[in-house]
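Trainee: Sequence:
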Amino acid sequence: MSRLEITSPNQAQLMIEELYKDLERRIESSPPGLCPVDMTRAFVEMCHTHTCGKCVPCRVGLWQLKNLLTDVMNGEATMETLKLMEELSQSIMNGADCAIGYEAAHTVYRSLKECREDYEEHVHQGRCTCNYTQPVPCVSLCPAHVDIPGYVSLVREGRYADAIRLIRKDNPFPTTCGFICEHPCEARCRRNIIDDAVNIRGLKRFAADYAGKVPPPACAASTGKKIAIIGGGPAGLAAAVAARKGGVQDILILERDSELGGILNQCIHNGFGLHTFKEELTGPEYAARFIEQVEALGIAYKLNTMVLDLAADKTVTAMNKTDGLFQLHPKAVILAMGCRERPRGALNIPGYRPAGIYTAGTAQRLVNMEGYLPGRRVVILGSGDIGLIMARRMTLEGAKVLCVAELMPYSGGLKRNIVQCLDDFGIPLRLSHTVVDIQGKERVTGITLARVENGKPVPGTEEHYDCDTLLLSCGLLPENELSRAAGVALSPVTGGPAVNESLETNLPGVFAAGNVLHVHDLVDYVSEEAAAAGAHAADFIRSGEQPGGPVLPVRCENGVRYTVPTTIRPGCAGDTVTLTVFRNGEKLELSLTLDEQPRETVTDTSSQQQQQPQQNNQYYGWPFGGFFS
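Residue numbers (the working numbering): 1 to 629.
Worth flagging that the hints you see were computed from the coordinates, not collected in a lab.
Ideal Cβ positions, reconstructed from N, Cα and C, are used throughout, including at glycine.
Check each hint, because a few of them may be wrong.
[Claimed, not checked] Okay, the calculated beta carbon distance ranges per label pair:
id: 1; residue 1: E453; residue 2: T317; range: 13 to 23 angstroms
id: 2; residue 1: R191; residue 2: P143; range: 18 to 28 angstroms
id: 3; residue 1: P354; residue 2: V458; range: 41 to 51 angstroms
id: 4; residue 1: E528; residue 2: E292; range: 56 to 66 angstroms
id: 5; residue 1: L366; residue 2: N270; range: 44 to 54 angstroms
id: 6; residue 1: P143; residue 2: E292; range: 16 to 26 angstroms
id: 7; residue 1: N320; residue 2: V551; range: 48 to 58 angstroms
id: 8; residue 1: L396; residue 2: D323; range: 37 to 47 angstroms
id: 9; residue 1: N67; residue 2: L490; range: 12 to 22 angstroms
id: 10; residue 1: P215; residue 2: K400; range: 49 to 59 angstroms
id: 11; residue 1: G75; residue 2: H106; range: 40 to 50 angstroms
id: 12; residue 1: D323; residue 2: L366; range: 25 to 35 angstroms
Build the full structure now, drawing on both the sequences and the hints.
Mentor: This is how it looks when you write it as structure tokens:
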């Protein structure tokens, strides 16, 4: 019979476990963007203080590693220093007698291999490449970047109304977030190092309950200048709110429809607001949130108003039943006209032009707002999000959706919409298929689908469907007739205006945001972009036109389709610029830091950049090295 033997850990094992737990708590309570060099140096220093000192690799080697890492942090190291650190860490790993020395050296070795760019940035620039602008972890993790330590202190002092005012500086809905927020801030609360996180969300709700009715924050003083916003959809509403908070009181929204909200009014399905309001809303509910803010701030708007012309001097010509034909002469104009659907005429589908052919957006308005059912047997061409949603909507209204055809070998809609709108209702999705013929003269009687290879229909693969309705969901086009007439430069890729880092077009004082700039997947991104345009328009009115200077175009390479902005003015951009990159259907948010001095190139792959002259001593490091011409 075997004897049960329990092996107790030795002192070194207990010590290394304690070090790991301590380090884990500190990392979890650290903000994103923590410098890996600084973290490695702190770990080595902690390990060195806990060694027994009996073996030379731990006693001397870790001390030397700590000094070398300190030199890197202070900008006193060279590339030879990094090579020496790598050799020294390998030597300690091979010669250390305990786990403390081995693990410390192994951490340095891995850090040198996997975070090489950060070490080289410290060597050449004396700083880190990481974005470490907010040292408070809970604030960094908060999506709205609310001053959490500030309002927690105010709650402790019983100043609940002041706490609500402080929260509203960054988050206009403290009460709602006090109930539904997922509180990622608590995951990085530094109190976790001791015992458990502070109940941050609970304190927010407590402050809202005991503060009573707190009036909204007052807007900045009026500038006396005007802003005209063309379009009263989600982009126009968000831009108006941001401009009003920026101190512009004379704002006028021009909307051609009978109510504000734009396309959201007919989007009765849910899925909106998860990023902006941290809850799932329908389209009308999302629009109502911004309409309430517009009315609360006293922003003027004109409905049933058609803008006829926008001149290069920012003169806006519009017309409605009440005012007739009138002109506006604003200081700044924000373009927020949205986009339109690609019609049948742009698709070159053969056949007659019978009734029963609609764009998916038109059918959506007929069903959701007008109360009409376009047809009973439906085929949908295009698998964009609108087409997928209308497949579900038509099915729920009693129509039979025969199939959804898509020209490309992949769907153009979100995965969740494919599952919820097609798979859940058993609607087939025919990829690499398109409509090659439409039957019927007075009304659609059927259509013919064919498989597509290399952009052309394959003979012999035709399939006939008896239907009375064909819905087209074949892409969205930015609505830029007014922009083109005014002389706004348009991007050949997006069809929207080419803008700089302030979302300003080539016409000074004319800004663009939302789907008129480029087509967005989520309305939350539209609101975010439009708020930035409104804030920049307010800055333009306060400070006037920026002085001239160099303009750097953004060049797209390596699979990048386009970027927003398309140009950057180093003299006006400030220290950092947010660059939105669209690559292979993926959206990336990148922060561009503008350096005052050019950085020395250290790799052979950048030899081409070495030959290019640096304009105004500006350098744009990774990942922007291939983007700027």
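Trainee: Hint by hint, note whether the structure agrees.
Mentor: Hint check:
1. E453 / T317: 13 to 23 angstroms: The hint (13 to 23 angstroms, Cβ to Cβ) is violated, given that E453 and T317 are roughly 49 angstroms apart.
2. R191 / P143: 18 to 28 angstroms: Holds: the Cβ-Cβ distance is about 20 angstroms, inside 18 to 28 angstroms.
3. P354 / V458: 41 to 51 angstroms: With a Cβ separation near 26 angstroms, P354 and V458 fall outside 41 to 51 angstroms, so the hint is violated.
4. E528 / E292: 56 to 66 angstroms: Given about 18 angstroms between the Cβ atoms, the range is violated.
5. L366 / N270: 44 to 54 angstroms: 21 angstroms, violated
6. P143 / E292: 16 to 26 angstroms: With a Cβ separation near 21 angstroms, P143 and E292 satisfy 16 to 26 angstroms, so the hint holds.
7. N320 / V551: 48 to 58 angstroms: 38 angstroms, violated
8. L396 / D323: 37 to 47 angstroms: 41 angstroms, holds
9. N67 / L490: 12 to 22 angstroms: 57 angstroms, violated
10. P215 / K400: 49 to 59 angstroms: 54 angstroms, holds
11. G75 / H106: 40 to 50 angstroms: Check failed, 26 angstroms falls outside 40 to 50 angstroms.
12. D323 / L366: 25 to 35 angstroms: Between D323 and L366, where Cβ atoms are some 30 angstroms apart, the hint holds.
Hint violations for this structure: numbers 1, 3, 4, 5, 7, 9 and 11, all remaining hints satisfied.
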